[in-house]
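Got chain Y; can you put chain W on it based on the hints?
These protein sequence lines are chains Y and W, in that order.
Residue numbering for the first sequence follows this note's numbering, beginning at -1 and increasing consecutively.
Residue numbering for the second sequence follows this note's numbering, beginning at -1 and increasing consecutively.
Derived by calculation from the structure, the hints in this document are not laboratory data.
Some hints here could point you the wrong way.
You can't tell identical chains apart in this list, so a pair holds if it fits in one copy or across any two.
[What the hints assert, rightly or not] With a cut-off of at most 25 Å between alpha-carbon atoms, the simulated SDA-like pairs for lysine to any residue come out as follows:
id : residue 1 : residue 2
1  : Lys272    : Glu236
2  : Lys241    : Thr325
3  : Lys329    : Asn210
4  : Lys139    : Arg48
5  : Lys248    : Asn210
6  : Lys340    : Phe273
7  : Lys73     : Arg174
8  : Lys311    : Tyr254
9  : Lys329    : Ser319
10 : Lys329    : Thr318
11 : Lys329    : Arg245
12 : Lys272    : Arg48
Number of protein chains: 2
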Amino acid sequence: MGADERGYGIVKPQDYEFGEAGRGVRLDNGQEFGPITVRYETYGTLNDARSNAILVVHAFSGDAHVTGIHHPSDKHEGWWSGMVGPGKAFDTDKYFIICSNVLGGCQGSTGPGSIDPETRKPYGLTFPVITIHDMVEVQRKLLEQLGISSLLCVTGGSMGGMQALDWAVSYPDFVRSAIVLASTARLSAQGIAFNAVGRNAIMSDPAWNEGNYYDGSPPGRGLATARMIGHITYLSDESMRVKFGRRLRKREAYGYDFADLFEIESYLNYQGDKFVERFDANSYIYLSKAMDYFDLGDRYGGLKEALARTKAKFLLVSFTSDWLFPTYQSKEIVYGLMKSDKDVSFTEISCPYGHDSFLLETERQGEIVSSFLDTVNGK
Amino acid sequence: MGADERGYGIVKPQDYEFGEAGRGVRLDNGQEFGPITVRYETYGTLNDARSNAILVVHAFSGDAHVTGIHHPSDKHEGWWSGMVGPGKAFDTDKYFIICSNVLGGCQGSTGPGSIDPETRKPYGLTFPVITIHDMVEVQRKLLEQLGISSLLCVTGGSMGGMQALDWAVSYPDFVRSAIVLASTARLSAQGIAFNAVGRNAIMSDPAWNEGNYYDGSPPGRGLATARMIGHITYLSDESMRVKFGRRLRKREAYGYDFADLFEIESYLNYQGDKFVERFDANSYIYLSKAMDYFDLGDRYGGLKEALARTKAKFLLVSFTSDWLFPTYQSKEIVYGLMKSDKDVSFTEISCPYGHDSFLLETERQGEIVSSFLDTVNGK
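For reference, chain Y alone in the conformation it holds in the complex (with noise of 0.2 Å):
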């Protein structure tokens, strides 16, 4: 294994809880929500200066386990340990990174599927209605709590780019610089459209129960079907011919029959059995909202004077085959900063693999991550 392939190790999730019932977070909504649990993991070292932080930020259905292994015995590493260890782009021997599972999530942090303290049962749809920003303020109080008042840089991709685009106009101050990858300004009518029917799908489940299924079967037929949606979309036609094409999966032939199945509706039906074992609907659902809600020139009456508002140097990635957050969303972000005269990067990487080429293309994005950093950090 050479040094670039070196895993990050074993690292041990952590919580930060804070809050109690009526305090904790002012959400968009207008509640004092709390109390809340954040599920975090940290890898590296912050330096004395507390100048080396970088706060990952997750996907959709990401969570806060960005590298390295829990246990000896595990199979994987988390899920972006091609771009965050030592020596890769987000180099742990340099940086101390942070990444926390969000509010509204299932992977630790408080979300809908948490216990209500004052009821002693689930919240499930009592839980807030939350929003991207909301999710930055829960952040916040964590990295309050580990000493850090400065981000050297805060990055994610598609869901995670929203957040470190709040980040940077939320908090000027606090933000040095961005790298926002396969992301977009305000969510699209057609990305809001598939989430609705990704919503639709979980709560036709007569499992789901308005929400009420915590003490028996969770929905996960119609969670399933809602990830299936959603995977179609995070790869590309392209991808999908390479990878699959038009191949049966064990037959060579048509038999005609209700057996056939494509290879490809294999893969879909594996996916979507596979995700209902570690996901909750009810994040889901709220999840998926919070993107839907997502428009980052709202609070500042546009996206040119919230943009106006950062202080942060950015670098934005999109990817050719990408079609739910396409290249002219991010070139929206970017023209909006510079008509700022914001210090910003670009770059479109020619990439098959789609939405999801954010967490697959490591080689370039690496390169391009890393010299952005260096540039960040004054070298």
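Structure of chain W alone, referenced to chain Y:
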């Protein structure tokens, strides 16, 4: 109302019934299937030479009702009234137009919701798994019955284009020209993926009951979800942005509750519910499976070999914003025909309406079709 805006007037659907149990058409699965009812409509007059017949073949959710109205009280004309009628591109003053509901459908032709004469119950999943070619075989029986042994043209968009292609390849001496709109020589992996998720949504609805729901409530929630997915793929990112954007339904500002519906969500809900009133869930399953199977070159050892059989003059049309059956898929057919020195015209129309463009963009498409038919008709 100008000459070009004349409607077709009142048309009466007709039924052609043929075959009996075990006798009808030989299906691709090897089974001889009957009896079969074909619901069809005709427009215009067959000339004495029987040389002006045009077969229109409908897309996935279409039916035999192409143009005109059934009753004086009908508010809407048939699904292609912009293209078919007196003075229109498919000019009913010149041509005799025939359209039938496909085998497996639910708008009058025999499908999984029809009564199996042997059991006196609806077929449900005992209905044979059919193909695009099987649909064509049934259409051929209808044309025989109508005394038509040569088609001036066979035309259709999307799944209709698949049938038109199969006609030209299967019956070279029958088809003088073929107009193939927004279609493909084989369904892509992405197309199969969307169909698979739609079927999964239907089959996940407990009301589906393995296809046995005809004496109770149909799987409306599942079918609506399937339709919503389909509907997104028929539109485009741009058309959704222009038509719906991020506007909320009946609200000016976010309420941060689940009553916040974006216009696009409300539209998809409406489309899903409306579809359930007119479409059978099992037909959705069978027809989508037939599309999945479609691979024009399959039975001839390759696409080039299949296209080499044709004797028709071809017109292929694709649309810039169609991402479900993108232009490269039409071009593949064009190149295949050119390699065999066939007579083929091709145009890509710049149009924002996505895959649905072949239904909505009647002006330029109409001019192109009209000119093409004139050349076929020897003018």
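Tested hints:
no. : hint            : verdict
1   : Lys272 x Glu236 : within (24 Å within a copy, 33 Å between copies)
2   : Lys241 x Thr325 : both (23 Å within a copy, 21 Å between copies)
3   : Lys329 x Asn210 : neither (42 Å within a copy, 51 Å between copies)
4   : Lys139 x Arg48  : within (16 Å within a copy, 80 Å between copies)
5   : Lys248 x Asn210 : neither (39 Å within a copy, 28 Å between copies)
6   : Lys340 x Phe273 : neither (40 Å within a copy, 49 Å between copies)
7   : Lys73 x Arg174  : neither (35 Å within a copy, 61 Å between copies)
8   : Lys311 x Tyr254 : neither (58 Å within a copy, 32 Å between copies)
9   : Lys329 x Ser319 : both (15 Å within a copy, 20 Å between copies)
10  : Lys329 x Thr318 : both (12 Å within a copy, 21 Å between copies)
11  : Lys329 x Arg245 : between (37 Å within a copy, 22 Å between copies)
12  : Lys272 x Arg48  : neither (39 Å within a copy, 59 Å between copies)
The structure is inconsistent with the numbered hints 3, 5, 6, 7, 8 and 12, although it conforms to all the rest.
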